[in-house]
Amino acid sequence: MRSTINMFLTLGFLISIPLLLSTVFASAQSFDCSQAHISSEYAICNNEVLLTLDEKLAEIYHNRRKSVDTTPQRQRISRDHTAWVKKRNGCDLDWTCLEASYNKRIEQLNREL
Numbered sequence: 051m052r053s054t055i056n057m058f059l060t061l062g063f064l065i066s067i068p069l070l071l072s073t074v075f076a077s078a079q080s081f082d083c084s085q086a087h088i089s090s091e092y093a094i095c096n097n098e099v100l101l102t103l104d105e106k107l108a109e110i111y112h113n114r115r116k117s118v119d120t121t122p123q124r125q126r127i128s129r130d131h132t133a134w135v136k137k138r139n140g141c142d143l144d145w146t147c148l149e150a151s152y153n154k155r156i157e158q159l160n161r162e163l
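The working numbering numbers the first residue of the sequence shown as 51 and each following residue consecutively.
No lab work stands behind these hints, which were simulated from the structure alone.
Heads up, a few of these hints could be off.
[Claimed, not checked] Subject to a maximum C-alpha distance of 30 Å in a straight line, what follows is the list of computed DSSO-like cross-link-like pairs (lysine-lysine):
| no. | residue 1 | residue 2 |
| --- | --- | --- |
| 1 | 136 | 106 |
| 2 | 137 | 154 |
| 3 | 137 | 106 |
| 4 | 116 | 154 |
| 5 | 106 | 116 |
| 6 | 154 | 106 |
| 7 | 137 | 116 |
| 8 | 116 | 136 |
| 9 | 136 | 154 |
[Stated by the list, open to error] Listed next, with one range per pair, are the computed distances between beta-carbon atoms:
| no. | residue 1 | residue 2 | range |
| --- | --- | --- | --- |
| 10 | 129 | 160 | 12 to 20 Å |
| 11 | 146 | 82 | 23 to 31 Å |
| 12 | 125 | 161 | 16 to 24 Å |
| 13 | 99 | 119 | 30 to 38 Å |
| 14 | 118 | 81 | 20 to 28 Å |
| 15 | 160 | 122 | 15 to 23 Å |
| 16 | 128 | 88 | 17 to 25 Å |
| 17 | 126 | 146 | 27 to 35 Å |
Since this is a predicted model, take the numbers as computed values, not measurements.
Each residue gets a CB set at the ideal place from its N, CA and C atoms; glycine is no exception.
Let the hints inform the model, and build the full structure from the sequences given.
Here you go:
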């Protein structure tokens, strides 16, 4: 029993290390990795490629919102992005799915600029 508890504590510690280190890798991601609470966020926080894509997307998204002139345009961009986040979250822990989702969204926002 005691060895099982120790094994789970060790496993928990080992799993938390990448989450703690992820704050070093990503300083401007769209969400705080220490607050990750769903599987897709954990996957993003534990993959440098996904963290980089998340940072890039966050910058493009914010620039896109600032570039429009009217509130309805900003609201549409926000609604589209919220819908994309829900779809992205459907990837769960699949890094390939997440990377494809980010690349598609970045391409979409860049076309709209």
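Here is what the structure says about each hint:
Straight-line distance between C-alpha atoms of residue 136 and residue 106 comes to about 18 Å, which keeps the hinted pair within the 30 Å bound. Only pairs whose Cα atoms come within 30 Å are accepted, and residue 137 paired with residue 154 is accepted, the gap being roughly 12 Å. For the suggested pair residue 137 and residue 106, the alpha carbons sit about 18 Å apart, so the restraint of at most 30 Å is met. Note on residue 116 and residue 154: the hinted pairing holds, with a Cα-Cα distance of about 21 Å set against a maximum of 30 Å.
For a cut-off of 30 Å, the pair hint linking residue 106 to residue 116 stands: about 16 Å separates their Cα positions. Note on residue 154 and residue 106: the hinted pairing holds, with a Cα-Cα distance of about 12 Å set against a maximum of 30 Å. At most 30 Å may separate the alpha-carbon atoms for a hinted pair to count; residue 137 and residue 116 meet this at roughly 24 Å. Using a Cα cut-off of 30 Å, the hinted pair residue 116 and residue 136 holds, with the two alpha carbons roughly 23 Å apart.
Restraint check: the Cα-Cα separation between residue 136 and residue 154 comes to about 14 Å, which is no more than 30 Å; the hinted pair holds. A C-beta distance of roughly 19 Å is found between residue 129 and residue 160, which places it inside the suggested range of 12 to 20 Å. Look at residue 146 against residue 82: about 24 Å separates their beta carbons, and that is inside 23 to 31 Å. At about 20 Å, the CB distance of residue 125 to residue 161 agrees with the hint of 16 to 24 Å.
In this structure the hint that residue 99 and residue 119 lie 30 to 38 Å apart at CB holds, the actual value being about 34 Å. Judged by the Cβ atoms, the range 20 to 28 Å given for residue 118 and residue 81 holds: they are separated by roughly 23 Å. Separation of residue 160 from residue 122 is about 22 Å and conforms to the stated range, judged on CB atoms against 15 to 23 Å. Take residue 128 and residue 88: their Cβ atoms lie about 20 Å apart, and the range 17 to 25 Å holds.
Between residue 126 and residue 146 the C-beta distance comes to about 29 Å, which sits within the given range of 27 to 35 Å.
This entry satisfies every hint, going by the numbered hints stated previously.
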